[in-house]
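Trainee: Sequences are here, hints too, so could you generate the full structure?
One line per chain: the protein sequences are C and S, in this order.
The number in this note's numbering is simply the position in the first sequence, starting from 1, with 578 added.
The number in this note's numbering is simply the position in the second sequence, starting from 1, with 348 added.
Calculated from the structure, these hints are not laboratory results.
Remember, it's a predicted structure, so these values are computed and weren't measured experimentally.
Where is the CB? At the ideal position from N, CA and C, for every residue including glycine.
Check the hints yourself; a few may be wrong.
[Said to hold, decoys possible] Partner residues aside, some chain S positions facing chain C, computed with beta carbon under 10 Å: (1) 412; (2) 495; (3) 522.
[What the hints assert, rightly or not] The following label-pair restraints were derived from C-beta to C-beta distances: (4) S:452 to C:607: 55 to 61 Å; (5) S:531 to C:650: 56 to 62 Å; (6) S:452 to C:650: 55 to 61 Å; (7) S:547 to C:762: 47 to 53 Å; (8) C:592 to S:475: 53 to 59 Å; (9) S:404 to C:737: 25 to 31 Å.
[Said to hold, decoys possible] If you want a taste of the chain C side facing chain S, the calculated C-beta under 7 Å gives, among others: (10) 733; (11) 734; (12) 737; (13) 738; (14) 741; (15) 744; (16) 746; (17) 747; (18) 748; (19) 751; (20) 789; (21) 832.
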Amino acid sequence: MDEIIHVGPWGIAGAASLILANAAASFWLRLGLEKKILIGAIRAVIQLLLLGYVLVPVFRLKSPWLVGAIGVVMVLVAAREAIRRSERAYKGAWGDMFVTLLIAASITSWFGTAVLVGVDPWWTPRYFIPLLGMLLGNALNGITIGIDSTLRELDEGRSRIEGRLALGATWWEASRHAVAEAVRLAMMPTLNMMTVVGIVSIPGMMTGQILGGTPPEIAARYQIIILFMIAATVAVGTVTASVITVRRLFDDEHRLRVERII
Amino acid sequence: MLEVENLSREVGGRVLFRGLSFSLNRGESLAIAAPSGYGKTQVLRCLAHLVPHEGTVKLDDQSPQEVGIPQWRRKVVYCPQTPPLFRGSPADFAEQVRMFAVQAEVDWEDPRAIAAEWQVDKVWEKPWTTLSGGEAQRAALALAVATRPEILLLDEPTSALDHASRTLIEDKLYGRTMIWVTHDSEQVGRVASRTIDLTEYGETHG
Chain C
579 MDEIIHVGPW GIAGAASLIL ANAAASFWLR LGLEKKILIG AIRAVIQLLL LGYVLVPVFR
639 LKSPWLVGAI GVVMVLVAAR EAIRRSERAY KGAWGDMFVT LLIAASITSW FGTAVLVGVD
699 PWWTPRYFIP LLGMLLGNAL NGITIGIDST LRELDEGRSR IEGRLALGAT WWEASRHAVA
759 EAVRLAMMPT LNMMTVVGIV SIPGMMTGQI LGGTPPEIAA RYQIIILFMI AATVAVGTVT
819 ASVITVRRLF DDEHRLRVER II
Chain S
349 MLEVENLSRE VGGRVLFRGL SFSLNRGESL AIAAPSGYGK TQVLRCLAHL VPHEGTVKLD
409 DQSPQEVGIP QWRRKVVYCP QTPPLFRGSP ADFAEQVRMF AVQAEVDWED PRAIAAEWQV
469 DKVWEKPWTT LSGGEAQRAA LALAVATRPE ILLLDEPTSA LDHASRTLIE DKLYGRTMIW
529 VTHDSEQVGR VASRTIDLTE YGETHG
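Mentor: Laid out in structure tokens, this is it:
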């Protein structure tokens, strides 16, 4: 196998210059995104470099408690980010989405490492943490679309929902269409990806693995596993997020309380 | 049949009405009158248990909680002034409502037949978005009537209709237990045996 070529600091600096294209676009079209681009780029560099260095001792220590703690922090940040990206939210959404993501991502991550890849112990950080991160990143998008689309329908489609309630619908009968639409929207990117993957697009993870020296046929197997795990996590996460969102917007007497939207 | 005691509704810290009490007997038709802004629509929405309120409302001595909220709303049906733009057609919506758990045991009238009486059967399979205001109003009302509610809460049910259509609807509804919100004082005379003047229960308007 060929030697892995190590990327030096100048390589990273050179890559960072690519972000100038975004800055130029923002400047030319007066998008006003220069600051956001700059901060985003700096954050990405720091966070990823830190991740690289933090993971070295974590991988070496192999402490289940440390893995658990890192996992919880990752889920917390993902939940906050999912809500921040949604146009609408409700009080207590962060806690709800934390639990949602925790359940959706940790069950699939466990299934992935323990059953599919067969790692022993299943929480071995070298496998568990990257997998969890990959799943969280995707589930986060799904959950954002789930909350956003559900709350939009409850808010803008209020009269339709009350029209059903007025004829005897339960809270679920009156708003299940909002959940269905949100889940459909949220699953679309993953489903679209599955149709073009390998022909048009080579996923980021597989690219990284191949560049990092893994034989392509092994990278492909990992990618297949990841892809289905992403699909499952997005489905479970979005359905749960949308159902919880709808339930929170109704009181115990089947009344839609749009004033709870913030 | 319907007993309302001390009904109050507040929206955003503003009292719309307070201490509203009345009763409604089977087969009786009541009108609620007041200028805009006194919360006529809100009275109907409270009675349908769609919004939070204070006071007690009972149907045959049972509260909404005792009846079960969805069941209560099946019996006490609120018809908004402007029907919402549902996806699909009135026929699609009727099919959806038919599937609600509380509607399962109910012996419906044929909504399409009522729509035919009101000359909107030709739009029954057309999307709501293509219906005129008057057509949508009649289609929605036809469905509500078909579900055989015990009390109809009607919010300006004929506001978008011409004289002939209005008469058809008033004739069909005659004799049912109803509460009407209407601006039309002549209509009050035709359809209601009693009128509640909501301005007497307002606070902010003095």
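Trainee: Indicate, hint by hint, whether the structure satisfies it.
Mentor: Outcome of the hint check:
| no. | hint | verdict |
| --- | --- | --- |
| 1 | 412 | holds (7 Å) |
| 2 | 495 | holds (6 Å) |
| 3 | 522 | violated (22 Å) |
| 4 | S:452 to C:607: 55 to 61 Å | holds (57 Å) |
| 5 | S:531 to C:650: 56 to 62 Å | holds (60 Å) |
| 6 | S:452 to C:650: 55 to 61 Å | violated (45 Å) |
| 7 | S:547 to C:762: 47 to 53 Å | holds (49 Å) |
| 8 | C:592 to S:475: 53 to 59 Å | holds (56 Å) |
| 9 | S:404 to C:737: 25 to 31 Å | holds (27 Å) |
| 10 | 733 | violated (14 Å) |
| 11 | 734 | violated (11 Å) |
| 12 | 737 | holds (4 Å) |
| 13 | 738 | holds (4 Å) |
| 14 | 741 | holds (4 Å) |
| 15 | 744 | holds (4 Å) |
| 16 | 746 | holds (3 Å) |
| 17 | 747 | holds (5 Å) |
| 18 | 748 | holds (5 Å) |
| 19 | 751 | holds (5 Å) |
| 20 | 789 | violated (48 Å) |
| 21 | 832 | holds (4 Å) |
Hints 3, 6, 10, 11 and 20 from the earlier list are contradicted by this structure; the remaining hints agree with it.
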